[in-house]
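> So the chains spell out like this:
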Amino acid sequence: MTDLAVSSRTTSATDATSAALSVRGLWKVFGPNADKLLGTPDLELSRQELQAKSGHVIGVRDVSFDVAPGEVFVVMGLSGSGKSTLVRLLTRLIEPTAGTVVLDGEDLTGMGEDQLREIRRRKVSMVFQHFGLLPHRKVIDNIAFGLEIRGEEKSGRRSRAQEMVDLVGLTGYELNYPDQLSGGMQQRVGLARALAGDPAVLMFDEPFSALDPLIRRDMQKEVIRLHHEVGKTMVFITHDLDEALKLGDRILIMRDGEIVQVGAPDEIIGAPADDYVRDFTAEVPKSHVLTLRWVMRPPGSADEGAGAPALPDTTVVREAARAVLAADGPVRVVDASGAVVGVVDDEDILRVVVVEQRAPAGAR
Amino acid sequence: MTTTLEPARPAPTKEAQPVAERATSRRTGRKLLAVLALWVLAWATLRGRQTLELANADTTGLHDWFNDVRDRVQLLGQDNWFFHGVLGTIASGLDTFVGVLQEHLSSVTPGDWLGWFGVLLLAAWVTYALAGLRSTLLVTVVLLFLGLAGLWTDGIDTLIVTIVAVVICMVVGLPLGIAMSRSRRTSAVVTPVLDAMQTMPSFAYLTPIALFFGIGPACAIVLTLVYALPPLVRITEHGLNSVAENTVEAGRSLGVTKGQLLRQVQLPMAKRTIVVGINQCTMAALSMATIAALVNGPGLGKPVIAALQTLNVGAAAVAGLGIVLIAIMLDRTTTAASERSSPAGQRVAAVGSPGIFGGRTLVLEKLPRWATEEGGRGTDRRFLTPSGRRLVLAVLLLPVLVGAYYSTRYLQLSQFPDLSGVPVLGELTAGPLGGHINDLTNAVVDAISGVTNGFKDLVTAVMLNPLQSLMSDLPWWVMALVLLAVAFLLGGWRPAVVTLVCEAVVLGTGLWYDAMVTLTMTLVATVIVMLVAVVLGVAMGRGRRADTVIRPFLDGFQTIPAFVYLVPALALFAATRFTAIMAAVAYAVPIATKLVADGVRGVSPATVEAARSTGITRWQMISKVQLPMAREALVLATNQGLLYVLSMVVIGGMVGGGSLGYLIVQGFVQGQLFGKGLAAGIAITALGIMLDRIARHAAARFGR
Ligand SMILES: Nc1ncnc2c1ncn2[C@@H]1O[C@H](COP(=O)(O)OP(=O)(O)O)[C@@H](O)[C@H]1O
Ligand SMILES: [Mg+2]
Numbered sequence: 001m002t003d004l005a006v007s008s009r010t011t012s013a014t015d016a017t018s019a020a021l022s023v024r025g026l027w028k029v030f031g032p033n034a035d036k037l038l039g040t041p042d043l044e045l046s047r048q049e050l051q052a053k054s055g056h057v058i059g060v061r062d063v064s065f066d067v068a069p070g071e072v073f074v075v076m077g078l079s080g081s082g083k084s085t086l087v088r089l090l091t092r093l094i095e096p097t098a099g100t101v102v103l104d105g106e107d108l109t110g111m112g113e114d115q116l117r118e119i120r121r122r123k124v125s126m127v128f129q130h131f132g133l134l135p136h137r138k139v140i141d142n143i144a145f146g147l148e149i150r151g152e153e154k155s156g157r158r159s160r161a162q163e164m165v166d167l168v169g170l171t172g173y174e175l176n177y178p179d180q181l182s183g184g185m186q187q188r189v190g191l192a193r194a195l196a197g198d199p200a201v202l203m204f205d206e207p208f209s210a211l212d213p214l215i216r217r218d219m220q221k222e223v224i225r226l227h228h229e230v231g232k233t234m235v236f237i238t239h240d241l242d243e244a245l246k247l248g249d250r251i252l253i254m255r256d257g258e259i260v261q262v263g264a265p266d267e268i269i270g271a272p273a274d275d276y277v278r279d280f281t282a283e284v285p286k287s288h289v290l291t292l293r294w295v296m297r298p299p300g301s302a303d304e305g306a307g308a309p310a311l312p313d314t315t316v317v318r319e320a321a322r323a324v325l326a327a328d329g330p331v332r333v334v335d336a337s338g339a340v341v342g343v344v345d346d347e348d349i350l351r352v353v354v355v356e357q358r359a360p361a362g363a364r
Numbered sequence: 001m002t003t004t005l006e007p008a009r010p011a012p013t014k015e016a017q018p019v020a021e022r023a024t025s026r027r028t029g030r031k032l033l034a035v036l037a038l039w040v041l042a043w044a045t046l047r048g049r050q051t052l053e054l055a056n057a058d059t060t061g062l063h064d065w066f067n068d069v070r071d072r073v074q075l076l077g078q079d080n081w082f083f084h085g086v087l088g089t090i091a092s093g094l095d096t097f098v099g100v101l102q103e104h105l106s107s108v109t110p111g112d113w114l115g116w117f118g119v120l121l122l123a124a125w126v127t128y129a130l131a132g133l134r135s136t137l138l139v140t141v142v143l144l145f146l147g148l149a150g151l152w153t154d155g156i157d158t159l160i161v162t163i164v165a166v167v168i169c170m171v172v173g174l175p176l177g178i179a180m181s182r183s184r185r186t187s188a189v190v191t192p193v194l195d196a197m198q199t200m201p202s203f204a205y206l207t208p209i210a211l212f213f214g215i216g217p218a219c220a221i222v223l224t225l226v227y228a229l230p231p232l233v234r235i236t237e238h239g240l241n242s243v244a245e246n247t248v249e250a251g252r253s254l255g256v257t258k259g260q261l262l263r264q265v266q267l268p269m270a271k272r273t274i275v276v277g278i279n280q281c282t283m284a285a286l287s288m289a290t291i292a293a294l295v296n297g298p299g300l301g302k303p304v305i306a307a308l309q310t311l312n313v314g315a316a317a318v319a320g321l322g323i324v325l326i327a328i329m330l331d332r333t334t335t336a337a338s339e340r341s342s343p344a345g346q347r348v349a350a351v352g353s354p355g356i357f358g359g360r361t362l363v364l365e366k367l368p369r370w371a372t373e374e375g376g377r378g379t380d381r382r383f384l385t386p387s388g389r390r391l392v393l394a395v396l397l398l399p400v401l402v403g404a405y406y407s408t409r410y411l412q413l414s415q416f417p418d419l420s421g422v423p424v425l426g427e428l429t430a431g432p433l434g435g436h437i438n439d440l441t442n443a444v445v446d447a448i449s450g451v452t453n454g455f456k457d458l459v460t461a462v463m464l465n466p467l468q469s470l471m472s473d474l475p476w477w478v479m480a481l482v483l484l485a486v487a488f489l490l491g492g493w494r495p496a497v498v499t500l501v502c503e504a505v506v507l508g509t510g511l512w513y514d515a516m517v518t519l520t521m522t523l524v525a526t527v528i529v530m531l532v533a534v535v536l537g538v539a540m541g542r543g544r545r546a547d548t549v550i551r552p553f554l555d556g557f558q559t560i561p562a563f564v565y566l567v568p569a570l571a572l573f574a575a576t577r578f579t580a581i582m583a584a585v586a587y588a589v590p591i592a593t594k595l596v597a598d599g600v601r602g603v604s605p606a607t608v609e610a611a612r613s614t615g616i617t618r619w620q621m622i623s624k625v626q627l628p629m630a631r632e633a634l635v636l637a638t639n640q641g642l643l644y645v646l647s648m649v650v651i652g653g654m655v656g657g658g659s660l661g662y663l664i665v666q667g668f669v670q671g672q673l674f675g676k677g678l679a680a681g682i683a684i685t686a687l688g689i690m691l692d693r694i695a696r697h698a699a700a701r702f703g704r
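Protein chains in written order, with the numbering used here: chain A, 1 to 364; chain B, 1 to 704.
Quick caveat, the hints were computed from the structure, so don't treat them as lab data. Mixed in with the good hints there might be a few duds.
Distance condition first, Cα-Cα at most 25 Å in a straight line; then the derived SDA-like pairs of lysine to any residue [to be verified]:
id	chain 1	residue 1	chain 2	residue 2
1	A	Lys246	A	Ala34
2	A	Lys53	A	Ala34
3	B	Lys624	A	Lys232
4	A	Lys232	B	Arg545
5	B	Lys624	A	Ala34
6	B	Lys624	A	Gly183
7	A	Lys246	A	Trp294
8	A	Lys36	B	Arg545
9	B	Lys624	A	Asp114
Starting from the given sequences, assemble the full structure and let the hints guide the process.
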C-alpha cells in the first residue's frame, strides 16, 4: 500500500480538499415524490415504516465520507443495504435526491450531462458484478470500448488495450468473444476495460460475487497486485466480510442505507460500533486482523520488556505471536516514531488466539 | 504475469467458430460489393437482351397445358371418383351448408329463420355469455353500423365464412395440437406441413384450390382453413407443452395417467393460451375470408374488390371500414373471452399477426396494457357471480327468443330499414358515408399530396427504377447468377442450392421478368420497412413512454386484414407500383417494429448500465451497444418483413402493382389466362421459399 493509504488508516478521514472522493450528506429516496419528501419528518421514519406509509424506499440515507487518493475504500453490507445504490450515486448513474459528491476536486452534483459524461470518460471507471461486457465484441475491443467512446484513434487504443490485456493476464485471448471465456476471465476483461482509460478512481460493485470461491480468491489477489502496480484509488463494494478485510484500507459498514461504522479493519474488529457490527464480525479470526495496538497494555514500569526487540504497533497479532511467545518476558510495542506506546506478553496474545479457537465451537 | 491464469484455454468447440466467422463477415461485405460491381457492369453492357419479358396476353406452352388440365378436370372430373366423389362432395356440402346459413341469416327476406333483429339479439346474447358486457356493446354497435351502412348482407356473410372456418379449424386443429403435444413423432410429421402452409403466400394457392373446389363459398372456406389452421395448431401445442415442467412432474409423481394428465393438468392450465390461439385463428380466418372474394367467396371482400378495381376509394373505404370494425369486434371479443377463461393466468398474445404468413415464428409476449385493460375491463370488473350470470343469461334468453321470433314476422325487424332519410343516422348510410370519406380523403390527399408524391417520386427515382432496371432488364442468366452469388455469400451453399432450384422453377413458369419485378418491389418495400422498424423499434425499446404510445397503433394495425391496407394506399398514391409497395410497408411494419423493439429492450440492463458508466452518448449507445446486441432480432425482423412484404406486394398487384399478383387476378377473370395465373402462383411460391431460405441461413450465420 502507498504511504498515503497507510496514514489514512489512523486518521479516519482526510480533509475534503485533498480527498480523491468526498461525499457529503448523500441521500437517495426511490419513489414518485422523493424530492418533496426531503426535509419532512417522514425521513426520520425507518425504512420499513416509510415504505408502508408512502411507498417510498430509502436507498441511501445521509451518507458522508472521504476517500484519500490511492486508498482502497470498501463499502460493506448485507444484500439490500444500499451498496449498489451508493456506488451508482457516486457517478450519478442514479441521480441523488440530496447531497454532494466531489470527485478529484470536481463537484459532480451540479454538473450538466456533457460534463458528467466527460468525467465518466476520463476520471472514473466501474467494474460490475455481471461484467456488463458487449457480447458482440472481441475481448480487445471490449477493453478498448471506453477509449473508442472518447474518440481515440484505432491504433492508439489497440496498443493501450493490448497493454491492459497483458496487465490482467489475458494475453492470448484478445480475439475471443466474451462468452468463450470463464466467469473469472470475463471479469478480468471488465477490470482491463476499467483500467484502460487510466481513471483517477475505480469503482467495483461486488465484482467477484458471481465467481466461484477459488476464482474469487485469485481475483482478490489480482486486485491487490493491480493496486500495487497502478496505485489507483478504489471504491470497492462487497457483501463478503473476508473480502472487505482482505482488501480494504478502510471499511464502511452499511445497514438499511445508513452508515453504521467507518474504520480500518482492525478498528472494525477491535472496536465494533454496535451489536450489529459485533455479530457481524463475531466469526472473524481476530488474530489475523487485530494489531498489537488492540492487545497491548500500558507499560508497568519504564524498563518493562526492555530485554527483547520491540515490535511496531501495526503488527498483526498472528505475526507477532512467535516473537512474543519466544521472548522471556513482555515485549515492547512502539509507534511509527519509535516511541514506546505499550507492552504485550504471552497472555495478551493467547487471549486473542484462544478466544478465537473457542468461539466458533461455543457458537454452534 | 500473474500466477492466477485460468486453467486452460477453452477447447475449440462450436462456440469458437464465430471468431472466424466475424472475420469473414467483413470479407463477405467486400465480396458482395464485387458482385454488385460485376452486376452493374453486366447491366451496362447487356441491358435489354434476353429479359424473357412476356406480354400480358401472351402465354407459354406450360400455361396452355395448365388450361388443358383445368378443362379436363372440369369435363372429366364429373366421372372421376376423386374429383367428383371426394372433392365434389366436400365442395357441394360446404356450398350447401354456407348457402343455407346465408339464406337464413344474412339475406333479408321475411320468413327466414331470423331477421336482422333476431341475428343481432342472438349475437349479443352469445357474446354476453362468452365475453361479457363490454364486448356485447361492441358487437351491437358494429352490427348496427353494418346495417346502417348497407353492409348487412355482406357483413354477415363474412362472419358466416369466418365462423364456419374457425369452427372447422377447432374441430380439426385442437385434437391435432393435442396429438402433437403428446407425441413427438406426430409433431415432427405435422410441423413441416404447417411450415409449408404458412410460408406459401396465400395468393399462390388461390388458383389450385379454386381448380379443385370450384369458385364459390366452398373454395373460400377451404382457403380460409389452410390459412387459419396453422396458428391454432401451433399455439395449442405450444400451450400444452409449456405447462410448467414441475407441475407436470408433480402430477406424474401422484401417478396420473397420460389422459388424466392432459385433462386435469395440461388442458386447464393451457386453456388460456389455447383461447389466444383461437383468437389468432379467427383473425387469420377473417383476413383470408375477405381475400377469398377473389374466388367468388361471399362477404365484404366483394365490394372492396369491386371498388378497388374501379378505383373508387370512397366505396372501398366504406366496405373496408366494415371489415375493420368486424376485425376489432372479433379481436376484442375473443380477447375478452380469453381473459375470462383464466382466473389469474399470465396474459399472453402471439406477436405473429394474422398476416399472410401468420406467425411462423411463434413469439409470445405480454399482452399490451391497453388490450388487457380495455379488453379485460368488461370481464375483470364482474359484479355478478358465475351462477348469477348464468341466471341472468337464462332470464334474458326468453326475450331474445321472442325478439328473434318476431324478427321473422315483421318486415322492419327482418330487413334492415333504410335510414338514409333520417338526420344524423342517415349520414352513416352507404352513399353519404362514401361521399364523406371521399371528401375527407380528397382533403387529406390534397393537403399532403406534395409530401406523398415527393416521397413517391423520390423512392421511385432513387430506388425503385434503378433496382428494377438492374434486376429485370438483364439477360435472365446474369440475374440468376447474381442471385446465386448473393445466396451463397449470405447463407452458404444450402440456400444457394435452394435458390438454384427456385430459379429453375421460376424460369419454368415462363414468368421470369414478372418475378424479377415482384422481387424488386419486395426488396424496396423491405428496405423501407426496416428503416421505419429500426427507428420506431429503437424508440420503443429505449423508452417506456414511446412504447406505450406506439404499441397500441401497431396492435391496431395488426388486427386489420391485409386486404384493407390497399384502400388508403390507393387513396394516397393512385394506381402505381408504389401503391403496392406502401400497402406492403404498412402491413409489415408492425411485426418488424415489434421484433426490433423486443430485441432492443432485451439487451441486458447490466450491459447498458456498464456502457453508461463509460460516459457514452445516446447515439453511441444505440449504434455501438443496443443495435449490435439486438442483431438477432434485426435479422429476424428482416426475415419476417420480407415474407410479409412479398405476400402483400403480390396482393397489391390488383391496384397497379402489376406483375405476378396481377396475373393471378387475371387468371380468375379471363379463362384463357387461368394457366398463366397458376404459373404465377408457382413463381410466387418459389420466390417466397428462396427469400425465406436465404434470410434464415443468413440469420443463422450473422445473427448470433
Ligand atoms: N430503482 C429502484 N426503485 C426502488 N427501490 C430500489 C431501486 N433500486 C434499489 N432499490 C431499493 O433500495 C434498496 C437498496 O438496494 P441496493 O442498493 O441494490 O442494495 P445492495 O446493492 O446493497 O444489495 C433495496 O431495498 C432496493 O429494493
Ligand atoms: Mg448490489
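> The structure should be examined with respect to each hint, and the outcome stated for every one.
Do the hints match the structure? See the list:
Between lysine 246/A and alanine 34/A, the direct Cα distance comes to roughly 37 Å. Violation of the 25 Å bound is thereby established for this hinted pair. Between lysine 53/A and alanine 34/A the CA atoms are separated by roughly 13 Å; this keeps the pair inside 25 Å, and the hint holds. A C-alpha spacing of about 28 Å is found between lysine 624/B and lysine 232/A, which places the hinted pair above 25 Å, so the restraint is violated. Annotation: proposed proximity of lysine 232/A to arginine 545/B is violated, straight-line Cα distance about 41 Å (limit 25 Å).
With a CA separation close to 34 Å, the supplied pair lysine 624/B and alanine 34/A exceeds the 25 Å bound. Of the pairs offered as hints, the one joining lysine 624/B and glycine 183/A holds, with about 23 Å between alpha carbons and a cut-off of 25 Å not exceeded. With a C-alpha separation of about 18 Å, the suggested pairing of lysine 246/A with tryptophan 294/A holds against the 25 Å cut-off. Distance hint between lysine 36/A and arginine 545/B is fulfilled; the C-alpha atoms sit about 24 Å from each other, no more than 25 Å.
A distance of roughly 19 Å separates the Cα atoms of lysine 624/B and aspartate 114/A; the hinted pair therefore holds under the 25 Å criterion.
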